[in-house]
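Note that this note's numbering gives residue 66 to position 62 of the sequence shown, counting from 1, and the numbers run on in steps of one.
Among the hints, a few may not be true.
Stated by the list, open to error - Simulated crosslink set (DMTMM-like; lysine to aspartate or glutamate; CA at most 25 Å straight-line):
(1) K166 to D111
(2) K147 to E176
(3) K116 to E176
(4) K147 to E120
(5) K166 to E142
(6) K129 to D80
(7) K116 to E142
(8) K168 to E142
(9) K166 to E176
Don't read these hints as lab results, they were simulated from the structure.
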Amino acid sequence: MRKIYLLLPFSAVVIILISCGHASTKADVSDTLIKNTSDSEIKKERINDPAPQATTGMDSNIIKTRTETDILANIDQWLVSKVNYPVPGPNGGIVNGVVTVRNNLTDISFQKALVEVSILLADGKEYRTDYYTVINLEPGMTKTVKIPTTTRGNSVVSNIVKVKSTELTNGEWLLVGSHYVPR
Numbered sequence: 005m006r007k008i009y010l011l012l013p014f015s016a017v018v019i020i021l022i023s024c025g026h027a028s029t030k031a032d033v034s035d036t037l038i039k040n041t042s043d044s045e046i047k048k049e050r051i052n053d054p055a056p057q058a059t060t061g062m063d064s065n066i067i068k069t070r071t072e073t074d075i076l077a078n079i080d081q082w083l084v085s086k087v088n089y090p091v092p093g094p095n096g097g098i099v100n101g102v103v104t105v106r107n108n109l110t111d112i113s114f115q116k117a118l119v120e121v122s123i124l125l126a127d128g129k130e131y132r133t134d135y136y137t138v139i140n141l142e143p144g145m146t147k148t149v150k151i152p153t154t155t156r157g158n159s160v161v162s163n164i165v166k167v168k169s170t171e172l173t174n175g176e177w178l179l180v181g182s183h184y185v186p187r
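Input sequences plus hints: build the corresponding full structure.
The following block contains the structure:
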């Protein structure tokens, strides 16, 4: 019998998986030990691994446990923002750019999300930073915002910096990501 220990971010949760090797009956998730440093609500969701590894004898079903704190501290994994624009010419400049925000959570909606969009020069220095508010992002939904044309800048980066959600923030407008401070 082989035990596999997986540590999730922030050492908030430890999941123990037990496998029976190549036996015809395999153990599913046998036990979940939770060491939670805050009183945040814990959400569990069963996910299927699209390519199970038959040689390890691991079951393809894994329980992924996440807390409110994990979601808010790592919001860019769950509320994904991407900037699309044509490749800048030799003199730089961003034309016809859009930022797209997608809610990858299956059970949480956002009433508001603040997206920070920074235009960078060729040397990596920040040229300009703008903020855009996206409203009413339901689970699985995508919203798009047009960004202004600039004559300078060679690349654009975006991050979610603030959210308001009934399920996660109790309706409060909170800083998230690298700015998040647990309550």
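In rising order, the numbers of the hints this structure does not comply with: Result: no hint breaks.
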